[in-house]
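J.: Starting from the given sequences, assemble the full structure and let the hints guide the process.
Line order of the protein sequences matches chains A, B and C.
With numbering that gives the first Met the number 0 as the guide, the letters of the first sequence map in order to residues 0 to 78.
With numbering that gives the first Met the number 0 as the guide, the letters of the second sequence map in order to residues 0 to 509.
With numbering that gives the first Met the number 0 as the guide, the letters of the third sequence map in order to residues 0 to 437.
Among these hints, one or two may not hold up.
Ranges between beta-carbon positions, derived for each pair [claimed, not checked]:
1) B:LEU393 with C:ALA25: 37 to 43 Å
2) B:LEU470 with C:ARG164: 28 to 34 Å
3) A:THR29 with B:LEU475: 38 to 44 Å
4) C:ARG164 with B:LEU375: 30 to 36 Å
Derived by calculation from the structure, the hints in this document are not laboratory data.
As the structure is a prediction and not an experimental result, all values here were calculated from the model.
C-beta atoms are modelled at their ideal positions from N, C-alpha and C, and glycine is treated no differently.
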Amino acid sequence: MSKAEIFEKLEEIFRDVFDDESLQIGERTTAADVDGWDSLSHIMLLSAIEDEFDIKFDMKAVQGLQDVGAMADLIGELL
Amino acid sequence: MSLTSFPFIAFFLVSLAVYYAVPERLRWCALFAFSALFMLLSSPLLPLLYWAAAVLAVNFCARQIAAGRAAGNGRRAKGALAAGILLTVGLLAALKYSGFLAANLNALLALLRVDYRLPIPAPASPPGVSFYTLTAVGYLLDSYWGISPVQPNLLKTALFIGYYPQLISGPITRYRQIEPQLFTPHRFDYVQVCFGLQRMVWGFFKKLVLSARLGILVDTIYAHPERYTGLYIWLAAALFLFQLYTDFSGCMDIVLGASECYGVLLPENFKTPFFSRSVQEYWQRWHITLGAWLRDYILYSLLRSRAWRGLTKWAKAHLGKKAARQLPTYLGTLCVWLLIGLWHGGGWQYILGMGLWFWLLITLSQLCEPLFKKALAFLKINTAGFAWHLFQSLRVFALAAVGNMFFRLQGLGAALETMRAGLHWNPEIFTDGSLLSLGLDLKNIWVLLLGLVLLLLVSWLQETKSIRQRLAEQPLPLRWAILLLLCLAVALFGMYGPEFNAATFIYEQF
Amino acid sequence: MRKLYLVRALAFLLLLLLLLGCLQYALTRSIDQQNYNWLANIYKEPAGSLDAVYIGASNVYSTWLPPVAFDRCGITVYNYTNSSQPFESARFLILEAQKRHPDALCIIGLNNLYDGISDLGIHYSTNGFRPSVNKFHMIRRLTGSLYTPLESMQYFVPFLRFHSRWADISPRDLVFSDGDVKGGNVEIKYFFSTIQDMTSSYSYTMEAAEGESPGVLLELLDFCDREQIRPLFVASPQPREWDYVTSLNRDMELIRQRGYDVLDMMGSIEELGLDLRQDFYNSSHTNIHGAIKVTEYLAAWLAERYGFSDKRGDAAYADWQQAFENYVEDIAPYTLDLEYLGLARDFSLPVPALAVSGAPGAAQLSWEPVPGAAGYCVYRKTGDGPWQALASLGPEALLYEDESGAPGEGCTYTLVPFSLSSGEPCYGNFDYTGVPVG
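T.: Laid out in structure tokens, this is it:
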């Protein structure tokens with residue numbers, strides 16, 4: 000899967016989790032940029048991503064993700 | 000050994016001198032020695048053996064986990080993890096909650112009309128058992144997940160678990176954050192030591208000048224609930240929240256300041272919590288390390304567990320997408336909140352009063368969020384404005400004050416009864432001078448009020464830039480004038496010495 | 000660490016300690032200025048200028064008035080006392096006094112021998128002391144059995160206890176001076192104005208109790224043996240109950256047996272001319288009237304016994320003379336001029352029975368004749384003003400009309416009988432309170 004495809008899917012998941020159809024994400028998007036992205040929604044986001052891509056993050060990854068770009072990279076590695 | 004006592008000050012100064020006199024490589028040994036000495040001075044010998052047992056268990060299990068992971072032996076690592084957690088949490092449960100368990104079993108026996116009653120054990124626990132147990136469990140879990148290095152040396156592990164500034168009341172640290180600071184040699188940094196000492200003085204100010212005075216008012220009101228009814232109860236609730244804050248954050252200032260003098264920077268536990276806009280934000284700014292620990296180790300583990308995923312799938316199928324998102328989350332947070340309650344004490348007032356109360360507030364506010372948003376838009380309220388922020392802060396404060404009433408009053412029944420006694424309207428107490436007969440005379444009330452104003456000012460300034468940094472940028476006469484005034488304020492207005500009983504530190508019983 | 004940092008840190012610390020020291024001085028001295036000054040002002044006396052130091056607690060400062068003693072006999076005896084002074088302090092006070100007055104006689108009051116040690120007593124006894132090794136030993140001795148080292152820190156650093164008085168300091172506290180009365184009692188107002196009838200409390204006996212003398216006394220006697228000090232022990236006159244008197248008799252006998260001098264005034268109530276109905280304010284303290292009598296007696300006794308020179312008129316001791324004049328100003332509102340001026344007394348003449356009728360401006364005094372009186376003096380006091388002599392009458396006078404009073408203003412009268420001795424009047428007993436009119 001290419002990075003662009005990963006990003007597309009991620010955007011869908013984000014829009015779903017944060018209930019905002021107009022949400023746009025980019026490489027450098029962080030929690031500060033998205034309204035409602037707190038620790039709770041973070042974990043829900045990760046669960047949704049795990050379900051969608053059929054992968055499993057380990058705790059090391061979960062605590063270390065800085066922005067969406069890093070997230071996409073990690074997903075790419077695990078696929 | 001109380002933190003606001005002369006023995007502790009002497010102990011700290013001696014330890015500081017020895018710490019920097021010793022060669023850099025051995026400085027962690029000095030820290031270990033003083034931590035051990037601190038424990039011996041703070042507790043009888045037997046409870047310290049429980050601590051030692053926990054340290055031995057943690058060290059052994061961590062090494063087993065590392066060995067298991069290195070050899071790819073998942074079962075060995077998992078077994079060691081389980082054993083370590085079982086032992087440390089088991090000790091905590093036995094020492095702190097056996098009484099609670101026995102009391103509840105007795106209640107059950109009474110219900111079943113069985114004549115037997117269990118004796119209520121009340122064993123002496125080592126200082127800070129509730130705190131260091133969490134630190135230890137976090138360390139084991141992080142080792143198992145591979146996000147933390149493992150410390151093979153027993154003494155170094157003992158220093159990590161028993162580092163005396165964090166021992167009595169936290170903060171709860173993560174090994175990977177503290178390892179470089181504890182064991183790497185430190186150069187003497189004059190500015191850092193000064194900052195540390197300044198912070199300690201500020202902590203003494205909060206505890207001895209503010210918290211002690213607030214304590215007198217609160218104790219007077221709650222000691223005579225039949226005399227102090229109506230608005231007194233709510234006044235006491237507000238004052239108690241201030242007392243708790245000044246006491247706990249003052250202790251944190253002393254402890255973090257002391258640690259800073261050694262060159263070990265511990266994580267913050269408070270971040271001006273009363274400026275929060277919501278109860279959820281409040282708990283991200285109050286006792287930060289506890290919230291973070293529960294979130295990272297309990298909540299995340301729960302939400303990622305198979306049981307929870309199964310629940311999510313079931314909810315998705317039967318209750319719709321939205322419920323599938325919300326139900327497992329709220330159930331998870333409920334577990335976490337009940338645990339927060341339980342951690343504060345073995346008593347139903349903590350579990351239901353604190354835990355359930357805050358969970359309800361947060362959950363309801365999240366469920367009703369869309370409704371509130373519409374209402375705010377309709378009323379054209381400027382949510383970015385200062386007035387709205389003030390309203391939110393006051394609301395958070397009031398709700399937290401009520402929640403903490405359960406913390407202060409012994410027993411669920413007593414707490415509810417006290418609240419019922421508060422249900423009558425007597426605003427005249429604020430104008431007819433009866434506030435002057437609560438144990439503090441007018442001059443002391445003035446000291447308290449001015450101190451709280453100073454605290455507010457400092458908190459507001461801290462939001463944008465570190466106070467000590469600001470101070471360091473001032474010209475020397477001004478800087479010294481401010482620091483000397485602060486030291487004199489503590490010396491003069493502090494409630495210490497033969498005229499006062501030592502004010503008890505509330506979180507210290509953990 | 001760079002030298003500059005070390006210097007800065009030390010400078011800050013010194014500045015802080017200096018400020019704390021100033022605060023401590025303001026806070027501790029102002030608790031009780033008089034107590035502080037009694038112990039602190041001895042350092043102001045020129046070395047060797049004291050005939051004696053008088054050590055003890057309230058038994059001393061309520062009976063001994065140094066400026067009055069100087070006026071009568073020209074002797075300089077310093078009130079080295081304070082409220083609740085423990086007997087244990089005596090030995091340290093002796094050492095302290097001898098630093099600058101090695102030849103001064105040490106007079107040790109005995110009446111506080113059975114009082115215990117209280118924590119305020121320790122403060123009063125040590126706060127005014129200059130820091131020295133002697134002070135350190137004194138605090139250790141006083142706190143020794145009663146306090147842990149941590150608890151006794153408050154005596155080495157009184158700030159620890161008295162910092163809570165921050166609200167009680169007034170600007171006056173920082174510049175208080177006792178008006179230079181050389182230790183005369185001025186602050187305790189009920190000492191001046193309270194009169195209590197102690198006739199029923201007095202039960203003097205010469206019997207001695209059984210049992211051991213208090214250890215502190217033996218300790219002091221051993222100390223005097225070792226240091227070759229020859230103090231004078233004094234028991235002030237007090238209307239005490241039987242147990243107390245017999246214990247004191249036993250202990251005074253012990254002191255004599257050990258070879259030291261004792262002056263026992265407990266049985267000399269009559270000899271001193273003390274009136275049990277009027278000269279005391281409770282069973283352990285005389286009031287100002289009684290104090291003047293005791294001072295006059297004791298001063299004369301000391302001057303004769305120890306041969307102290309009469310320093311009245313000596314320019315080097317002008318400050319003591321001035322102290323007397325200052326003190327007279329303080330006590331004049333409460334006493335008659337014949338008392339503070341030390342006029343001759345004849346205590347055999349009893350208090351006259353005086354009756355006053357009429358109104359201010361037209362008062363009529365009448366009284367019973369006093370056997371042995373050669374005349375009567377009428378004194379009047381208006382409101383809270385000082386007593387003023389109105390008239391001196393012959394022995395046959397039994398009536399007096401006073402028209403000089405301001406009408407409407409309440410005043411009080413008292414009558415003083417006197418006898419004649421070589422042409423000079425010797426004044427007898429009189430009613431201190433007086434009879435009011437209007």
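J.: Of the numbered hints stated earlier in the document, which are not met by this structure?
T.: Hint 4 contradicted; others consistent.
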